[in-house]
Amino acid sequence: MKILVVDDFSTMRRIVRNLLRDLGFNNIEEADDGNSALPMLRNGKFDFLITDWNMPGMSGMELLQAIRADENLKNLPILMVTAEAKRDQIVAAAQAGVNGYVVKPFTAAVLKDKIEKIFERIE
Amino acid sequence: MSELNREDITEEVAEELKGHATALKDALDRGDISDAMQRIAELGEVRDRSLYREVGRLTRSLHEALRNFEIKAENREQQEELSKMADASDRLDYVVRLTSDSANKTMDLVEDTMPVASNLREEANAIREDWGRLRRREMKPSEFRELYRRIDAFLDRIVSDSDRLHGNLSEILLAQDFQDITGQVIQRVTSLVKEVEDHLVKLMVMASDVDRIAGVVHDDGDSSQEGEASSKGEGPQIDDSQQDVVSGQDEVDDLLSSLGF
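Chains as they are written, first to last, in our numbering: chain A, 1 to 123; chain B, 1 to 261.
Accuracy of the hints is not assured; some may be wrong.
What follows is a set of in silico ranges between Cβ atoms, one per label pair, in the way DEER data are often shown [stated by the list, open to error]:
(1) 204/B with 24/A: 35 to 43 Å
(2) 10/A with 129/B: 37 to 45 Å
(3) 193/B with 107/A: 45 to 53 Å
(4) 65/A with 181/B: 36 to 44 Å
(5) 143/B with 39/A: 42 to 50 Å
(6) 261/B with 10/A: 29 to 37 Å
(7) 65/A with 150/B: 57 to 65 Å
(8) 177/B with 72/A: 20 to 28 Å
(9) 24/A with 190/B: 16 to 24 Å
(10) 90/B with 18/A: 30 to 38 Å
(11) 65/A with 10/B: 32 to 40 Å
No more than 16 Å apart at the CA atoms, straight line, and that leaves these computed lysine to aspartate or glutamate pairs for EDC-like [claimed, not checked]:
(12) 105/B with 171/B
(13) 104/A with 253/B
(14) 18/B with 42/B
(15) 112/A with 240/B
(16) 86/A with 234/B
(17) 2/A with 30/A
(18) 104/A with 171/B
(19) 45/A with 22/A
(20) 104/A with 240/B
Listed next, the stretches of chain B that the computed footprint assigns to chain A, with coverage defined by at least 3 CB atoms under 8 Å from CB atoms of chain A [stated by the list, open to error]:
(21) 49-59
(22) 199-206
(23) 249-258
Think of the hints as simulated: they come from the structure by calculation, not from any bench.
Bear in mind the structure is a predicted one, so any value in this text is a computation, not a measurement.
No residue lacks a Cβ here, since even glycine has one placed at the ideal position from N, Cα and C.
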């Protein structure tokens, strides 16, 4: 399982990476916004994407929309992990086709739960 | 005080205008056009005079407000402090750097600590298993000698590893000292922002005074571009008691399940 973690703060990427490692995922790459993530996704055969929303350059929402519009990537499971907590935004992300939504600050248990749910639904 | 003065002036002007207006009406009633023209000129003069006076007053307060913007620095020490303060964004960058350093230091130590803890647990588990066999008298003498040696080594390791765990935890504790410094920096920047805000409000009041005397009415274009959930994101919500903000993961889950997730 190859996972891409996208967040503009390296600290957050490191936390997510550590939690993923605890869950048994070791093949993890990182990007700091949508602009750097998109080419990696297009060339890298990723199985799962975890992305923040609010990032300079290309935001997580724009990345989500770009992925759903891309013939080769549109089925990629996406978990949004973000401090964006407005109801409108969560609804908008759901409508844009996100597979899960975790608000920061979050716990290891919540992250694990959401990741497992996403894969249950896919299988 | 200036508030009171201004009202006095407005009243005085209103009286004068009323006087001239009555005289103008009388003149027109009498059909005395030249007197009427004279009255109109006088009306204009009252208007101009009050306008000049008001502009003078506004100029003075504007001047004062602008001077207040330069926060007074009396001695060298204050000046130094202010030149640092003035660069609020630098100070906040410093906060970002400090918190990030601390987070990374903490994570370094956690990453160093976790394997130590899990190795101790593994070794303790293995020894407990053999210890059980020994108690059940299932152990050959050669195995016992081996266990004896392992327990000896394990006790040594517990001492050195728990020292390491303790040391790492103390360092993690110390890595939280950023809170003190960043707290102070943020408080300073906050008070600077408040001060600037106060001065801006005063300027706004003055600008609306200018509008009032000059009789300018603004067309308040469409200043609201809200509604649409911005794809750029809005940043963390500080106040989760607001209706349109979720207060935690449970509410996110409820909302999503109501949408069929």
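Hint by hint, here is what the structure shows:
About 58 Å separates the C-beta atoms of residue 204/B and residue 24/A, a value inconsistent with the hinted range of 35 to 43 Å. Residue 10/A and residue 129/B have their C-beta atoms about 42 Å apart, which keeps the hinted 37 to 45 Å range intact. Taking 45 to 53 Å as the suggested C-beta distance range, the pair residue 193/B and residue 107/A does not conform, at roughly 33 Å. Between residue 65/A and residue 181/B the Cβ separation comes to about 40 Å, which falls inside the hinted range of 36 to 44 Å.
Judged by the Cβ atoms, the range 42 to 50 Å given for residue 143/B and residue 39/A is violated: they are separated by roughly 59 Å. Between residue 261/B and residue 10/A the CB atoms are about 30 Å apart, so this pair conforms to the stated range of 29 to 37 Å. At roughly 59 Å, the beta-carbon separation of residue 65/A and residue 150/B lies within the given 57 to 65 Å, and the hint holds. For residue 177/B and residue 72/A, the Cβ-Cβ distance of about 49 Å falls outside the hinted range of 20 to 28 Å, so the restraint is violated.
Here the CB-CB span from residue 24/A to residue 190/B is close to 44 Å, at odds with the stated 16 to 24 Å. Distance hint for residue 90/B and residue 18/A: a CB-CB separation of about 31 Å, consistent with the stated range 30 to 38 Å. Checking the proposed 32 to 40 Å range against residue 65/A and residue 10/B shows it is violated: the Cβ atoms sit about 57 Å from each other. At roughly 9 Å between alpha-carbon atoms, residue 105/B and residue 171/B fall within 16 Å of each other, so this suggested pair holds.
Under the criterion of a C-alpha separation no larger than 16 Å, the hint pairing residue 104/A with residue 253/B is consistent with the structure, at around 14 Å. For the hint linking residue 18/B to residue 42/B, the alpha-carbon distance of about 12 Å falls within 16 Å, and the restraint holds. At most 16 Å may separate the alpha-carbon atoms for a hinted pair to count; residue 112/A and residue 240/B exceed this at roughly 24 Å. Proximity of residue 86/A to residue 234/B is assessed by CA-CA distance (about 9 Å); at most 16 Å being required, the pair is judged to hold.
Distance hint between residue 2/A and residue 30/A is fulfilled; the C-alpha atoms sit about 11 Å from each other, no more than 16 Å. Between the alpha carbons of residue 104/A and residue 171/B the distance comes to roughly 26 Å, so the proposed pair goes past 16 Å and is violated. A C-alpha spacing of about 23 Å is found between residue 45/A and residue 22/A, which places the hinted pair above 16 Å, so the restraint is violated. About 12 Å separates the Cα atoms of residue 104/A and residue 240/B, which keeps this hinted pair within 16 Å; it holds.
Under the rule that three or more residues need a Cβ within less than 8 Å of chain A, the assignment of the stretch 49-59 of chain B is violated, with 0 such residues. Restraint check on the stretch 199-206 of chain B versus chain A: 0 residues with Cβ-Cβ distances below 8 Å, three needed, restraint violated. Taking a C-beta to C-beta cut-off of 8 Å, the stretch 249-258 of chain B contributes 4 residues in contact with chain A, enough for the three needed, and the coverage statement holds.
Going through the hint list in order, the structure does not satisfy hints 1, 3, 5, 8, 9, 11, 15, 18, 19, 21 and 22.
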